[in-house]
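Add chain B to chain A, keeping to what the hints say.
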Amino acid sequence: MSSNATSAGRPISARELLPDAEARTKLRRIRHFKDLTTRFMVSTAGYGVVISLALIFVFLFTEIVPLLRGANLGEPVSYQVPGTDAPTLHIVSERYQEAAVRFAEDGTVSFFDPTDGRDLMEQVIDFEGGQVVSHANAEPRTRIVAFGLDNGRVALAEHDYDLTYPDDVRLVTPKLGYPVEDSIITIDDQGQPLNVIGVQRGDPGIGIVAYTADGRLLLTRFTSQRSFMTGETEFVPSQYELPAPPAAPTRILLDITMRNLLIGDAQGFLHYYDISNPEQAVLRDSRQVIEGVGNSVTAMEFLLGTVSIIVGGSDGSVAQYFLVRDEGNVGRITRIREFDQHPGAITSIFPEYSRKGFVVGDAAGHVGVHYGTSASTLLIKRVSDHPLQSVAVTPRNNGMLWTDGTGQIHYASLWNRHPESSIKSLWRKVWYEGRSSRDYVWQSSSATDEFEPKFSLIPLSVGTLKAAFYAMLFAMPLAIFGAIYTAYFMSPKMRGLVKPTIEVMEALPTVILGFLAGLWMAPFVENHLPAVFSVLLLLPLFMLGTAWLWGSLPRSIRYLVPPGWEAAILIPLVLFTGWLCVTLSPLIEVWFFDGSMRQWFTDVGITYDQRNALVVGIAMGFAVIPTIFSIAEDAVFNVPKHLTQGSLALGATPWQTVIGVVLLTASPGIFSAVMIGFGRAVGETMIVLMATGNSPVVNFNIFEGMRTLSANIAVEMPEAAVGSTHYRLLFLAALVLFGFTFILNTIAEVVRQRLRAKYSSL
Amino acid sequence: MKKWFKSGDPWIWMIGGAVSISIIMVVGLLLLIAVRGLGHFWQPPIIETTFHDDGQEVVVLGTIRNAETVTAQAVRDAGFEVPEEQEIVQRYLFHLGNRDLTGRDFQWFIGDFLEEFRYPEDAIMLERREWGNFFGYLVALKRDGEVIAEGEEAFVRLPELLARSNELVGNAVSIERYDIGRINFAIEQERLEQRRIELNDRLSDEERAERIARSQAEVNRLNAEYEKLHAELVELRASGRRDALVARTSDGQEVTINLGDVVRATRANTMTIPEKMREYGSRFWAFMTGYPREANTEGGIFPAIFGTVMMVFIMSIVVTPFGVLAAIYLREYAKQGPVTRIVRISVNNLAGVPSIVFGVFGLGFFVYFLGGNIDQLFYPERLPAPTFGSPGLIWASLTLALLTLPVVIVSTEEGLTRIPKAMREGSLALGATKAETLWKVIVPVSTPAMMTGLILAVARAAGEVAPLMLVGVVKLAPNLPVDGQFPYIHLERRIMHLGFHIYDVGFQSPNAEAARPLVYATALILVLLILVLNLTAIAVRNRLREKYKSESD
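Quick mapping for you: the protein sequence lines, in order, are chains A and B.
If you use our numbering, the first sequence corresponds to residues 1 to 762, in order.
If you use our numbering, the second sequence corresponds to residues 1 to 553, in order.
So that you can see chain A by itself, here it is in the shape it has in the complex:
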């Protein structure tokens, strides 16, 4: 500017028009400041994006970390046993850990605060002169405890808690009740001591089984009946004598259906009585459950739902059994799984209230936390120098109580949120309750409380691979062949039309493809099954035929269409073939398949679902074709021209050039196209959700549906309880999908970059 001023030759130079030094410094400072701000903003956004992307991975991972943790026992709190000095028979806590109860041998029932031992209430059960010789408890959630007396009678008690919310603060008031009107019930008319008893409450009422000192086995059932007069429920007792067991029992268990009776004895045997008809009770099965001479069943308890039995032996072994029906529909005691052995004889087992887990106490002072379905031992920890007498877990599985005969009760908080998942339960066959063999099952929820969640990822993984496999089977040939043709043989004018058309396909929302597949194509395919197969057969034949005919046409006609337009010539042919097959389809069914191909499939033993893998394969293949096509086409198109021209110049036919030169050079690009397509097929949600029945089956039958990881997330995530094992497993599924596709895409990307470098060096 200054030069401008001087050339004008005027004394008042333009320098005066310039801002003075101060203003310029200021301006410079502002510009510098703006520069810095921009740099700061841009960098922040850059880092922000990187961080937020990393956050996805980190967050998904932190959500599944708790799954990997075992159980954790907090620092124990010990306090003097509340109430009398008489030996403790049973301790158990209430849901909110604000009250717990201890039953002592002299009938004292003391309610106390489990976290600090503070006395809340004390009551005494009047045994009316009898002495306690045995005790038993029904399922923990029934809160029923029974005491067998030395005069042939049983005392039944129920500990209960009233919840009130004065001033919006929870207040737990404990109380002692009696489930049957009389607190003391005569079981044995002969007045023999009841050496071992078992009690249960279920839908049919309350049942008590007692083994008397003179070797008789007695069953008393209280059937609940509504009184017509008062409208109150009353219990009508009925008594039966059952066949005597072969040896003296140590433990008696009655299930909630009152059909099955299980008795463990001192010789390590477990006996199963079918008492569905108590007058004709039969001993169905006996089985040695503890190996070794002199070993006995020292503790035995039902898990939630009273299907599985956990047997603890004097040798410290812990194993799970349940009844499996054999060919004759007779229940057999079957050993399902073992847990880690404890160092001392098992003294006490306590099942969890809402899951299939349990805690164990042994004679060497260890507590153990185990879980049935996943066969996992989550914790074995030494907590005492003395043999443990009884252990209990709180109803929400967040605290444990135990006694060790030292006159103290010990309490510790427990962290055991996700015992259901283990490598074994996720990926191996598991023997679930009520099934006849081990199996892979995904069934995450059900209506009943006793439900055993089945978390096998195998059906979902197989389903995912199945869907992706059939999609690729459909998409790969079409996309790759199409790409080679478009890039190498097609005339540029047609290519300019074809490429955008196929790329627009990629933008089609998958919800639309899924909806068409589910509502239009699935019924169509079902009604025109022969058409699907005849198209597969006829289309290539007709194409070859057309090629032959075209080749034998006189040149004058052939030259009307320039080379590179074969695909356009074929379009009417494809349309015609499709129309022909659909029209012939009913006739083919009549001629070859007795009028209905679907029925024919069923007759030869092939299951056919309307929404099946074939439909998914076509619909998802449709979604994947553009992805594979456009990458593969790029790779083929960018093969350096001098390579192909060299090959042609040496006398190779165009087809030979394609096979020998183009494909060879472009193969990494095609590979990466397939990888990316596969990644897309694996993660696709809406199509599978809408075009399959979403049943988690483990097979590769093209005529059956499947449930994929992604569809499973979409179906179950909205209803999974936040923080539950199910919720975290769905996060695990998401993480698996994320990791899998990320790795696939990275491989594909690296291959592509290599290829690009190779092309530029050629």
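In short, the hints are calculated from the structure, not lab data.
Positions of the beta carbon are idealized from the N, C-alpha and C atoms, including for glycine.
It is possible that part of the hints are untrue.
[To be verified] Quick list of in silico lysine-lysine cross-link-like pairs, DSS-like style, CA-CA up to 25 angstroms:
| hint | chain 1 | residue 1 | chain 2 | residue 2 |
| --- | --- | --- | --- | --- |
| 1 | A | Lys34 | B | Lys440 |
| 2 | A | Lys499 | B | Lys547 |
| 3 | B | Lys335 | B | Lys434 |
| 4 | B | Lys434 | A | Lys26 |
[To be verified] Which bits of chain A does chain B cover? Going by a derived footprint, with three or more residues having C-beta under 8 angstroms, they are:
| hint | segment |
| --- | --- |
| 5 | 116-126 |
| 6 | 486-493 |
| 7 | 564-571 |
| 8 | 620-633 |
| 9 | 713-724 |
The following block gives chain B in isolation, referenced to the frame of chain A:
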């Protein structure tokens, strides 16, 4: 022959066939959606015919929804009687309507048992607010129970009476939706205000009582206003139900249908083509601007269109600055090296991560973590009912912003690489700072690239459904996310969405057959939206390429 195979020509034809099949599939799919979607609004003729079944004769009146050729065996398996010797049958799916009278909307009839089709001139089709369509013959019009027109005159007067009742019903609905909705909202606000006062422990007891009393007075005033509006509403409703029509169904039953229940009436068989076209336009307009009825199987999709647009709009506001700045950082500021390369590949790959994964992340992080904490901090008076702690518009938009971030970044970066180096260097050589070069040279020049990225992102977001199912869409939203109540935009509300609407109506609907044409029409709207967006993006990108080709030469 052998030589011909050796020449490779047949194989070239075969792989050419792959292209033909792909093209046919794309075009066929688009045509299918277009034909079915657009056909939904066209009034088909009402057909009358007689169905012979075991010596019985049943008069059938309705429109044909579908016709197909099937094997006789399949029909027999489905429980129909077909003569032994017959192998192929033609069957028709009739839309019979009258769900309230017969219990079924649709029925298949075997063509062989049907008489020739007749097109009675007095047949009408009524679109009703409840119970789906009605097919029958118009007999008379009634006002307050008295017949006012019969026969041909009834047809003449029907449109005018129908327009009147529709207007009154429309007014009633608008009072219900806007005025009463506003009052309910205000009452809810007062309830929350009272709860807030109770939770505020800095207030003295007197002050608290006084404030609560003040708020209670406001509630009383609102309740009074509500009573007034309610009375007005009842009156409008009653007035809208003044007229009724009497129609005879195909089985001879005479039914009275109140005009307040009828949306539109068409005498299909006497309509001329221009009339049909006018009807078509009116139906299409009602579909685009109306609210859904009957569990979404009838009525319009306006809330779904609005929800989709709103969500995509908020998403764009978030994703554009972030994506563009991140791309600028990667291309202009970051040191090019292995780290940048890894970041670039990662961003690229993120576009290939299944969308449901983003949904899971959005649900866990945005909804439960962020939303839950926002509720604890800012909306304690509403707890335990969640405000932001449940799926909603804002979380749906943020999740999709994350999902489409790679699209914007990749596209912007591509635009930045295309800018000739000379432009940057020229600017710097003239003494401009890096920021000035960026804002005044690079960004303006690469705007089309950013636009392309944004359009592609919008197209992708508009079609995504899977993640939204977890973070914010709902089958039927009672309120739009934007309304006349402060703060006007309700980011925490759940929205309806076109894609989810397709899934929901197509697969979760109680009356799937009746809803099917509506699903096709919704699909058509969505496809059109996305095609237009994509074609725009392609056009912008191509223009950009041409421009730089000439500038760099």
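Hints, verified against the model:
1. For a cut-off of 25 angstroms, the pair hint linking A:Lys34 to B:Lys440 stands: about 13 angstroms separates their Cα positions.
2. Restraint check for A:Lys499 and B:Lys547: the C-alpha separation of about 22 angstroms stays at or below 25 angstroms, so the hint holds.
3. For a cut-off of 25 angstroms, the pair hint linking B:Lys335 to B:Lys434 stands: about 15 angstroms separates their Cα positions.
4. In summary, the hint linking B:Lys434 to A:Lys26 is supported, as the alpha carbons are separated by about 18 angstroms, within the 25 angstroms threshold.
5. For the segment 116-126 of chain A, the stated coverage by chain B is violated: 0 residues have a C-beta nearer than 8 angstroms to a C-beta of that chain, whereas at least 3 were required.
6. Residues of the segment 486-493 of chain A lying with their CB closer than 8 angstroms to a CB of chain B number 3, which satisfies the three-residue condition for coverage.
7. Note: the segment 564-571 of chain A has 5 residues with beta-carbon separation from chain B under 8 angstroms; the three-residue rule is met and the coverage holds.
8. Counting residues of the segment 620-633 of chain A whose CB falls under 8 angstroms from any CB of chain B gives 3; the rule of at least 3 is met.
9. Counting residues of the segment 713-724 of chain A whose C-beta sits closer than 8 angstroms to any C-beta of chain B gives 5, which meets the bar of three, so the coverage hint holds.
Taken one by one, the earlier hints fail for this structure only at number 5.
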